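Let's have the full structure, built from the sequences with the hints guiding it.
Number of protein chains: 4
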Amino acid sequence: MIAFLLLFAAAPALAQTPPASAGPADPKLIEDLVAANRILAQQGVLDGWGHVSVRHDKDPNRFLLSRALAPELVTADDIMEYDLDSNPVDQRGRNMYSERFIHGEIYKARPDVMAVVHTHAPALIPFGVVNVPLKPVYHRAAFLAGGVPIFDIQQSAGMTDMLIRNNDLGAALAKTLGKHDAALMRGHGAVIVAPSLPMVVSRSIFICLDANAQAEAMQLAHGGTIKYLDPEEARLINAREGYGLQRAWEAWKKKAMNRQ
Amino acid sequence: MIAFLLLFAAAPALAQTPPASAGPADPKLIEDLVAANRILAQQGVLDGWGHVSVRHDKDPNRFLLSRALAPELVTADDIMEYDLDSNPVDQRGRNMYSERFIHGEIYKARPDVMAVVHTHAPALIPFGVVNVPLKPVYHRAAFLAGGVPIFDIQQSAGMTDMLIRNNDLGAALAKTLGKHDAALMRGHGAVIVAPSLPMVVSRSIFICLDANAQAEAMQLAHGGTIKYLDPEEARLINAREGYGLQRAWEAWKKKAMNRQ
Amino acid sequence: MIAFLLLFAAAPALAQTPPASAGPADPKLIEDLVAANRILAQQGVLDGWGHVSVRHDKDPNRFLLSRALAPELVTADDIMEYDLDSNPVDQRGRNMYSERFIHGEIYKARPDVMAVVHTHAPALIPFGVVNVPLKPVYHRAAFLAGGVPIFDIQQSAGMTDMLIRNNDLGAALAKTLGKHDAALMRGHGAVIVAPSLPMVVSRSIFICLDANAQAEAMQLAHGGTIKYLDPEEARLINAREGYGLQRAWEAWKKKAMNRQ
Amino acid sequence: MIAFLLLFAAAPALAQTPPASAGPADPKLIEDLVAANRILAQQGVLDGWGHVSVRHDKDPNRFLLSRALAPELVTADDIMEYDLDSNPVDQRGRNMYSERFIHGEIYKARPDVMAVVHTHAPALIPFGVVNVPLKPVYHRAAFLAGGVPIFDIQQSAGMTDMLIRNNDLGAALAKTLGKHDAALMRGHGAVIVAPSLPMVVSRSIFICLDANAQAEAMQLAHGGTIKYLDPEEARLINAREGYGLQRAWEAWKKKAMNRQ
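Protein chains in written order, with our numbering: chain A, 12 to 271; chain B, 12 to 271; chain C, 12 to 271; chain D, 12 to 271.
Everything labelled a hint here was simulated from the structure, so no lab data went into it.
Hints may contain errors.
Same chains, same names: a pair is fine if it fits in one copy or spans any two.
Stated by the list, open to error - Calculated pairs, BS3-like style, for lysine-lysine (alpha carbon to alpha carbon, straight line, at most 30 Å):
no. : residue 1 : residue 2
1   : 39        : 265
2   : 238       : 146
3   : 146       : 190
4   : 238       : 264
5   : 119       : 265
6   : 186       : 264
7   : 190       : 238
8   : 39        : 266
9   : 265       : 69
10  : 39        : 119
11  : 146       : 264
12  : 264       : 69
13  : 265       : 238
14  : 190       : 266
15  : 266       : 238
Please read all numbers here as calculations on a predicted model, not as lab measurements.
Structure representation (C-alpha cells):
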C-alpha cells in the first residue's frame, strides 16, 4: 500500500486503475436500457447527442451507459459500466459521452434515482431561456409540481462551452437539481431522473408534452388564468405515478425495437 | 334467494357474482373496435393510457372495452365485456382500465351513445385549463356547436389523483357531459361520444384539429373577429354528419390494420 | 328530336340520358391523377373528404375525378368521367363525391384551368375565418399574389350544411374564385386551381406552407413590418412557375406510389 | 491561342470549352454527398428544390453537386463536377440546378468553406421577412452567434424572380454572407456553409430548430428577457463544434440510406 502511494506520488502520469466491475447486470436491465435509448430516439426526445443511463442493479456505485453512439443505434454490446466518478470499468478503447458526468454525479447525490436522461429536446429549450417557470398543466406532468429549476452553467463556471465535461460541473448540475425530478439546462437542454427506466422514459416524454401544453395554454389565455395542477392533486397523482406505465412501456418498447 | 341474501349480509367480503354475458357480440363490431383502437393510436389521439369502447350490439346494458393495454396493441382477444357498472363479465385475471367507469356511466346516462373515447390528446389539454370555450371553427367540428363543457374533478370530489376510478366519479363526469358530444376534463384530457365507432373516431380526430384551428385563428385575429359556425349551419351539418364518413373510415382502417 | 323534347316535357321523372364519353383519356393523365390523389394524401393536404380532378385531355367539356373514395386509396379503376354539369358518363352504381360540382363549375368558368383541388387542410382553416388576408410570404406562394378571396356560403345561400352539393353553389364558388388561383371557403377549407396536375399539387402544398409561414411571421413581427413579395416579383416568379416542378413531381410521385 | 481568341471574338455564339476535370473525387466524398442529400430531405430541410454541394477534394477550384434532381432521389451517378463559375465539366445533356451559382460564388469568396446548403425550409422563412434577428438560443446554434445576415435580392438587382440564376447574383449573395455561417434569403429561404458535409448537414438541421426555439421563446417571454448564448460561450462552443458530430452523422446516414 505504501509502495503504491509512493508510486502514485512519484508518477502522477501513470494511468489510474480502472474501477472494479460489479459483475454482469441483469440482462433484462440491459435490454430495457437499450429499449429506453431506442424509444427516446423514436419519440423525438433524444437526438444524436442525448443519452440515458441506469444504475447497476448489483451495486449502487456503478451505472450503465452506452458508449458514445446515437441512441437510435445502441445495442446491448454498446453498454458500458461506470463508477460514480464516471470512470469506465472496461473501456477497451471505446469513445465515451463527454457528458457522462451528468449521470455519475446525479447517482452520487440522489440514492433514490435509478435512471437519468440528458436531452436537448426542442420543446424544453424555450423554457430554459425565459423567466417563465415550467409547471404541470396536466396529470402526466405531476412530477414537475415541486418545481423545475434552471441550471445556468454561467453561475457555476462562468463562460464555458456549456458541456458538463467533468465531475465538478456534474456536481453543480446535481446541486441545482436537488430533490427535483427534472432540471432545465439554460441554452442546452434538460436532465430528467426517476426511480426506474420506464418511468424516466415516460417523464422525459411528458415533460416535453407539458411544455408544449403550457406554452399553448399561455397563448390561449392571453394573460388570463391558467388552472395548473393543485399541489395536493400532484401529490396524490405522484403517489400512484406508476399507474398504466407498464402497458405504455410495452407498447413503446414493441414499436421501438421492431424497427431496428 | 333468502339464503343468498343471508350469505351476502354475513359475508360482504365474498366476491360479487359477475354479471351475465349478453352473448357474443357481432364479430364485425369487435373488428371495428380493434380498428378504432389502432386508428386512434396511429392518428395521435390515443396514447398508451387512453381507451375506446362500444356498446354491445345484443344488449344495451353491456359494453365492450379492451383489457388494460395500449390501444396500438389491442387485438380481438383483448376485448372484454362489461355491465354498465363497469363490472367485467369474465375477467379471467386480466387487468382492467382503472377508468372504465367513464364508459359505463356514460352508457347509463346516454341511451343514444354507442361509442366512447377517453383521450389525453395534447391538442385538447390547453382548452381544459383556460377560460376560452372550445367552439367549432369549421364544419368537421359542427358536433361541438352545442358547447364543450369542462369537467373539473375538484368540483365533484375535491382533491384527487384525477382518475375516474369509480362509478360516482364516472357519474359526475357523465352529468357534466350532459347532452353534449364531448367534454374536456381539466388537467386530464377529454371524453368524446357518438352513435357509432366510425363517428366517435372521426369526432375524436376532428375535435383535436378544431382545437388547433381555433387556437391559430385566435392568434391570427389578435383580438379581431373570428367567424365560428352559425348554430343553424351546425344544425344542418349535424343532420348529415355521416357524409363521407364511410370512405374515411375505410382508409383509416386500412392504414391502421396493415401496419401491425 | 321533337319526340325527345315531348317525352322530356311529359315525363320529368325519367332519368336523364348520361352525357356521352369523350373516349379514353391518355393513360398517362389517369396515372398522374391517381398519383396526385396519393401525393396530396401523403403530404397532408387531402384527408378522406378532399378531392382532386383534371380536365379530360380529349375534350374540354369533360373532367376526370375518382369515385367517392379517400384519395390515399384511389386507383386507375376508380377514375370516373363527368361533364361540366358534373353528371357522370358511366356511373355503374358507383358513389360520387357530393361536392363534384366544385370541379365542374370551375372548369366551366375557367377555360385556362386544367386541374382542381378541394381541401380541408388544417393550415388554411384559420385564414378562412378571420379578417387577415392570406398573402405570399415567399416565392413558392407567388401564385397567391393576386389575392385569395374568401367564399362564404352564407352570402350565396344563407344557412346551409356548407357542402357545395349542386351546380348553383358550385357556380357561386367559381364566381368568388374569379381569376384567382385559390379561394378559401369559410369554415370549410379551400379550392386551388392550376393549368396542370403537377402544378395544382405543388400549389396545394405551398399554399399550406405559406399560410403557416405568414402566421409565424405575424407572430414574430408582433405588429411590426412583414416584407411580403412585391407584386412585380410575384409577376416574374409566376412567369417561370414551372421551374423545378418536374423534379419535385418525380420525387413526390415516387414516394407516394411506392407506398401503396 | 491567337487563333482561338480571334474565333472567340468573331463567333461569340460558339460553345465555351468546358472546364477541365480535377479527376475523380474520393468515392467516400461522393458517398457522403449522396448521404447529405438524403439526410437533409428526410430531416425536412430540403424539399424538391433545395440542394447541397461539396468542394472537390482534389482541387479547390471545383465543386460537386447533383444534376437537377430532388435531393431524396440523388445517387452517386447524379453527381456532377463544376468550376467555380458553375460551368459543368461534363454536362452530357443533364439538367443543372438553375441556382448552382450560389455554390460556385460562395466557394470563390470563402476558401474556408467546403460544403454549402441552399434550403427553402419553412422554419426559416418567417425570419427572412421580419425585423427580428435570428440568434442562437442554444448551444447547437452557436455558429449563428456572429449574426445571420438577410440577403434581399431587391437591393442587388431590383425586381427579379428571386432566383440566383447567374454569377453576379451569386456574388451578391456571397457578399452578404461575408464571413458568416448562414444567411437568410428574404422571401426565398437560406444558405448555410461549413468546413465539411457532416457539419453543413448538422448546421442546416439546427438553424431550423433554433429558429423554432427562438420564436417560441419570444412568445413565452411576451416581451420579457430571453437569455441568448453569450458571445464568449458561443466562441468556446464553436471551438469544439465537431463534438459528437460523428455519432450523429452515422445515425443520420444509416437512417437515410436504408430507406431508399
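Against the structure, the hints come out as follows:
no., hint, verdict
1, 39 - 265, "both (15 Å within a copy, 27 Å between copies)"
2, 238 - 146, "both (10 Å within a copy, 20 Å between copies)"
3, 146 - 190, "within (16 Å within a copy, 33 Å between copies)"
4, 238 - 264, "neither (33 Å within a copy, 37 Å between copies)"
5, 119 - 265, "neither (32 Å within a copy, 36 Å between copies)"
6, 186 - 264, "neither (32 Å within a copy, 38 Å between copies)"
7, 190 - 238, "both (25 Å within a copy, 25 Å between copies)"
8, 39 - 266, "both (18 Å within a copy, 27 Å between copies)"
9, 265 - 69, "within (27 Å within a copy, 35 Å between copies)"
10, 39 - 119, "within (24 Å within a copy, 45 Å between copies)"
11, 146 - 264, "within (28 Å within a copy, 37 Å between copies)"
12, 264 - 69, "within (24 Å within a copy, 37 Å between copies)"
13, 265 - 238, "neither (36 Å within a copy, 40 Å between copies)"
14, 190 - 266, "neither (33 Å within a copy, 38 Å between copies)"
15, 266 - 238, "neither (34 Å within a copy, 38 Å between copies)"
Comparing the model with each earlier hint shows violations of hints 4, 5, 6, 13, 14 and 15; every other hint is respected.
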